[in-house]
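Taken in sequence, the protein lines are chains A and B.
Each residue of the first sequence is one higher than the one before, starting from 1 at the first, in UniProt numbering.
Each residue of the second sequence is one higher than the one before, starting from 1 at the first, in UniProt numbering.
These aren't lab readings, by the way, just hints derived from the structure by calculation.
A few of these clues could be false.
Said to hold, decoys possible - To spell it out: a stretch of chain B is covered by chain A in this simulated footprint if at least three of its residues, at any positions, have a beta carbon under 8 Å from a beta carbon of chain A; those stretches are:
no., stretch
1, 24-33
2, 119-130
3, 144-150
4, 170-183
5, 201-208
What the hints assert, rightly or not - One side only, chain A facing chain B, incomplete, derived with CB under 8 Å:
no., residue
6, Met14
7, Ser18
8, Leu36
9, Leu113
10, Leu159
11, Lys189
Glycine is no exception: its CB is placed at the ideal position from the N, C-alpha and C atoms.
2 protein chains.
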Amino acid sequence: MPQPTAAPTLAGRMCMQSGQVVFAGSGPGDPDLLTLKALAALQQAEVILFDRLVSPEILELAGPQAILENVGKEGFGAQVSQQHICNRLITHAQAGKRVLRLKSGDATLFGRLDEELSACDAAGVRYQIVPGITAASAAVAGIGQSLTQRGRNSSVRYLTGHDTQGFADHDWQALARPGEVAAIYMGKKSARFVQGRLLMHGANPATAVTVVENASRTNQRVLETTLGQLPADLAEARFDGPALTFLGLAPRASLTALPDLPVQTDLKMELA
Amino acid sequence: MPQPTAAPTLAGRMCMQSGQVVFAGSGPGDPDLLTLKALAALQQAEVILFDRLVSPEILELAGPQAILENVGKEGFGAQVSQQHICNRLITHAQAGKRVLRLKSGDATLFGRLDEELSACDAAGVRYQIVPGITAASAAVAGIGQSLTQRGRNSSVRYLTGHDTQGFADHDWQALARPGEVAAIYMGKKSARFVQGRLLMHGANPATAVTVVENASRTNQRVLETTLGQLPADLAEARFDGPALTFLGLAPRASLTALPDLPVQTDLKMELA
Numbered sequence: 001m002p003q004p005t006a007a008p009t010l011a012g013r014m015c016m017q018s019g020q021v022v023f024a025g026s027g028p029g030d031p032d033l034l035t036l037k038a039l040a041a042l043q044q045a046e047v048i049l050f051d052r053l054v055s056p057e058i059l060e061l062a063g064p065q066a067i068l069e070n071v072g073k074e075g076f077g078a079q080v081s082q083q084h085i086c087n088r089l090i091t092h093a094q095a096g097k098r099v100l101r102l103k104s105g106d107a108t109l110f111g112r113l114d115e116e117l118s119a120c121d122a123a124g125v126r127y128q129i130v131p132g133i134t135a136a137s138a139a140v141a142g143i144g145q146s147l148t149q150r151g152r153n154s155s156v157r158y159l160t161g162h163d164t165q166g167f168a169d170h171d172w173q174a175l176a177r178p179g180e181v182a183a184i185y186m187g188k189k190s191a192r193f194v195q196g197r198l199l200m201h202g203a204n205p206a207t208a209v210t211v212v213e214n215a216s217r218t219n220q221r222v223l224e225t226t227l228g229q230l231p232a233d234l235a236e237a238r239f240d241g242p243a244l245t246f247l248g249l250a251p252r253a254s255l256t257a258l259p260d261l262p263v264q265t266d267l268k269m270e271l272a
Numbered sequence: 001m002p003q004p005t006a007a008p009t010l011a012g013r014m015c016m017q018s019g020q021v022v023f024a025g026s027g028p029g030d031p032d033l034l035t036l037k038a039l040a041a042l043q044q045a046e047v048i049l050f051d052r053l054v055s056p057e058i059l060e061l062a063g064p065q066a067i068l069e070n071v072g073k074e075g076f077g078a079q080v081s082q083q084h085i086c087n088r089l090i091t092h093a094q095a096g097k098r099v100l101r102l103k104s105g106d107a108t109l110f111g112r113l114d115e116e117l118s119a120c121d122a123a124g125v126r127y128q129i130v131p132g133i134t135a136a137s138a139a140v141a142g143i144g145q146s147l148t149q150r151g152r153n154s155s156v157r158y159l160t161g162h163d164t165q166g167f168a169d170h171d172w173q174a175l176a177r178p179g180e181v182a183a184i185y186m187g188k189k190s191a192r193f194v195q196g197r198l199l200m201h202g203a204n205p206a207t208a209v210t211v212v213e214n215a216s217r218t219n220q221r222v223l224e225t226t227l228g229q230l231p232a233d234l235a236e237a238r239f240d241g242p243a244l245t246f247l248g249l250a251p252r253a254s255l256t257a258l259p260d261l262p263v264q265t266d267l268k269m270e271l272a
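If we strip away everything but chain A, and leave its shape as in the complex, we get (with noise of 0.2 Å):
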């Protein structure tokens, strides 16, 4: 089998400068989706301030020279706050080291970014942001589906289950409608109050929900259910990993016919 080898023309745009942080996506967990911009950075780091979700198998991609910090919110427990990460940042870039920020998914989507951003930019500290592969991406592709679909939607939203004032309200009038479809993060503990928002709003209950735990990871794990069903079976589904809920979206019905998608989908049927 042919292995990729990254030509010399490659990343040429990433030079990491002393001083400099990168904030860059790593994606959802398979290391094969990491950019080759943060494989590059990941390569050139002397600091790596990573998050609780970001894989074992990408932080093994780190130069010999990086110092690893864990800064993950449940990984340290609940002492590491936004603060500490910001003064982390600084600290080290103002020491002149070559600085990694590496978020899970996509920095720029639920990432709290915007927080660190405004502490550099108060600090004089420099940056770039690179781009990464969002959980949704990756989920939809492994459950063979798109997020949007000629005559089917032509908008697709990204919400969070919760924020920091506790559940997250959004504009569930819209989204109870027949044909939305919505990618919504960090939904598992959410899932009874959104679904309750939804009917409330006239949602049918039969309204396809999948959650992907997992995404793109050797453990993915598919949940086929139904808005009326969501909490019950994701109660007995026991996801402990990270999950993507998609309202409006049923795995492709050709799944189990072709064996090598790299998608469970026997899952709904050991619930059932």
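Fit chain B to the given chain A structure using the hints.
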């Protein structure tokens, strides 16, 4: 400067099979934003069917055995129908080729992926889907912003400016609300239509709007404007590359103070 070298374990799960189609997103244009998996597919494919917006720098990474077919809708003229693309995919796959269907951006967003997947299903052709970096992610990184922000917006909408029926209709009332953030694909021609609909539904003409042309490419340009000024400023800018329009986002204020950020902010000044 260290060069990235793809470790032997990388793209380990990408091994294209004879008679299989890999649908992959090429990202927004910068070859360094390819995923390792897409690069592996480029190197392994025997036939590559590519869209008009896939950049030449990316096509240069194809293996020497690859036959490249341009199926771009504008590249070949209007006669390259979706049906023709589907036929070519099936013909090559049934001839036992390793086929790569390369779409710009992320194949699962506004990529008409479903029609091609259905054609494969109908013909019994096996496939897999490799997600890519979508233009919105690269564009927002280019203006130093993020698509969501705590306390500002906990959801973001991706929509298209026009569909097969002409200008696409959307939930303008919801989009017109203060604080809404949306990424509008293919929004150049529909700028006046979108502006009209939003203003009709009460949007503030001072709402920030940013248009990023050729996101991530060396010829990236940024137009900072407002909803009220959008059509006039866009006409004056004469963008001829692919453009992504952000509703509710302005470039980060500090950008001009950070000359190494890959963004051009002098365009508006040129225009003013």
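Self-check item: Numbers of the earlier hints that this structure fails to satisfy, in rising order
Solution: As far as the earlier hints go, 5, 7 and 11 are violated by this structure, in ascending order.
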